[in-house]
Amino acid sequence: AQSVTQLDSQVPVFEEAPVELRCNYSSSVSVYLFWYVQYPNQGLQLLLKYLSGSTLVKGINGFEAEFNKSQTSFHLRKPSVHISDTAEYFCAVSDRGSGNTGKLIFGQGTTLQVKP
Amino acid sequence: SQTIHQWPATLVQPVGSPLSLECTVEGTSNPNLYWYRQAAGRGLQLLFYSVGIGQISSEVPQNLSASRPQDRQFILSSKKLLLSDSGFYLCAWRAGLAGGRETQYFGPGTRLLVL
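One line per chain: the protein sequences are A and B, in this order. Residue 650 in the working numbering is what sits at position 104 of the first sequence, and the numbering runs on without skipping anything. Residue 96 in the working numbering is what sits at position 93 of the second sequence, and the numbering runs on without skipping anything.
Read the hints as simulated data drawn from the structure, not as lab findings. On a predicted model such as this, the values are computed, not experimentally measured, just so you know. Errors might be hidden in some of the hints.
Distance windows between CB atoms, simulated [stated by the list, open to error]: (1) A/Ile-606 <-> B/Glu-62: 24 to 32 Å; (2) A/Gln-588 <-> B/Pro-72: 25 to 33 Å; (3) A/Tyr-585 <-> B/Leu-14: 17 to 25 Å.
Below are the SDA-like pairs computed for lysine to any residue, each with C-alpha atoms no more than 20 Å apart in a straight line [claimed, not checked]: (4) A/Lys-649 <-> B/Thr-27; (5) A/Lys-615 <-> A/Ser-574; (6) A/Lys-649 <-> B/Gln-65; (7) B/Lys-82 <-> B/Arg-114; (8) B/Lys-82 <-> B/Ser-60; (9) A/Lys-649 <-> B/Gly-57; (10) A/Lys-649 <-> A/Ser-576; (11) A/Lys-595 <-> B/Ala-98; (12) A/Lys-649 <-> B/Ile-59; (13) A/Lys-615 <-> A/Ser-598; (14) A/Lys-615 <-> A/Ser-573; (15) A/Lys-649 <-> B/Val-63; (16) A/Lys-649 <-> B/Arg-71; (17) B/Lys-83 <-> B/Pro-21; (18) A/Lys-649 <-> A/Leu-592; (19) A/Lys-595 <-> B/Glu-105; (20) B/Lys-82 <-> B/Asn-66; (21) A/Lys-649 <-> B/Gly-55.
Cβ coordinates follow ideal geometry from the N, Cα and C atoms, glycine included.
All chains, please: the whole structure from these sequences, using the hints.
What follows is the structure in structure tokens.
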């Protein structure tokens, strides 16, 4: 079974400051890793994903994440945030084995609040 | 390109009434389809998934059911709504065949309030 822990439920930060949203996972099998963003009253939008290869993954809107297998982490970072980055962010994993169902296991979400 | 639609966008229903939420995907064939529910303070929970027409897998026992009458149509239903069915319902798809099937893409969601 897999599980995902997002260590911070809320992260307040000032505009133009750097931010890191933390995500740890637990799994007995190899996984794919994802970050999604949800703006108020909208669906989830894919920010970035780690499938294989380089452990540093770049996504949309200037976000990046680093896969650390030994620490089973996939933290999301942005060097300078904007007011428009205010949203809820979800980390998720899925089983990468053949025949997998594609089921996503989500963390509880982190609300990023960017202040002027 | 592929797009996913959900309707209605918002729904207010009395307890005990029936429910039907619809999800359709355009621009792809034989997708895998998913229903998730996002309840306040409880994150996202997978309810059902489907790998083909008429094939439904349920993840949790509950007051809801799902059907897939056509390749790109996924319907979430209930005969009698409960207060606990309130939440934000999200439909998602991923490619059913090789190539890009690792990633799920989400629709705009339906907000359901049961009173």
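Now the hints, each set against the structure:
Our hint of 24 to 32 Å for A/Ile-606 and B/Glu-62 holds, since their Cβ atoms are close to 29 Å apart. Checked against the given bound of 25 to 33 Å, the beta carbons of A/Gln-588 and B/Pro-72, roughly 27 Å apart, stay inside it. A beta carbon spacing of about 20 Å between A/Tyr-585 and B/Leu-14 agrees with the range 17 to 25 Å that was offered as a hint. The straight-line distance between the Cα atoms of A/Lys-649 and B/Thr-27 is roughly 19 Å, inside the 20 Å bound, and the hint therefore holds.
A threshold of 20 Å between alpha carbons decides the hint, and for A/Lys-615 with A/Ser-574 the separation of about 12 Å falls inside it, so the pair holds. Straight-line distance between C-alpha atoms of A/Lys-649 and B/Gln-65 comes to about 18 Å, which keeps the hinted pair within the 20 Å bound. For the hint linking B/Lys-82 to B/Arg-114, the alpha-carbon distance of about 18 Å falls within 20 Å, and the restraint holds. A threshold of 20 Å between alpha carbons decides the hint, and for B/Lys-82 with B/Ser-60 the separation of about 19 Å falls inside it, so the pair holds.
Between A/Lys-649 and B/Gly-57 the alpha-carbon distance is near 18 Å, which keeps this suggested pair within the 20 Å criterion. A C-alpha spacing of about 14 Å is found between A/Lys-649 and A/Ser-576, which places the hinted pair at or below 20 Å, so the restraint holds. Restraint check for A/Lys-595 and B/Ala-98: satisfied, since their Cα atoms lie roughly 16 Å apart, inside the 20 Å limit. The hinted pair formed by A/Lys-649 and B/Ile-59 meets the criterion: a straight-line CA distance of about 13 Å does not exceed 20 Å.
With a C-alpha separation of about 11 Å, the suggested pair A/Lys-615 and A/Ser-598 falls inside the 20 Å cut-off, and the hint holds. Between A/Lys-615 and A/Ser-573 the CA atoms are separated by roughly 11 Å; this keeps the pair inside 20 Å, and the hint holds. Restraint check for A/Lys-649 and B/Val-63: satisfied, since their Cα atoms lie roughly 13 Å apart, inside the 20 Å limit. Using a Cα cut-off of 20 Å, the hinted pair A/Lys-649 and B/Arg-71 holds, with the two alpha carbons roughly 18 Å apart.
Taken as a hint, the B/Lys-83 and B/Pro-21 pair is honoured in the structure, with Cα atoms around 5 Å apart against an allowance of 20 Å. Among the hinted pairs, A/Lys-649 with A/Leu-592 is consistent with the structure: their alpha-carbon atoms are about 15 Å apart, no more than 20 Å. A hinted pair counts as satisfied when its Cα atoms are at most 20 Å apart, and A/Lys-595 with B/Glu-105 qualifies at roughly 9 Å. Between B/Lys-82 and B/Asn-66, the direct Cα distance comes to roughly 8 Å. Compliance with the 20 Å bound is thereby established for this hinted pair.
Straight-line distance between C-alpha atoms of A/Lys-649 and B/Gly-55 comes to about 15 Å, which keeps the hinted pair within the 20 Å bound.
Consistency note: the structure conflicts with none of the earlier hints.
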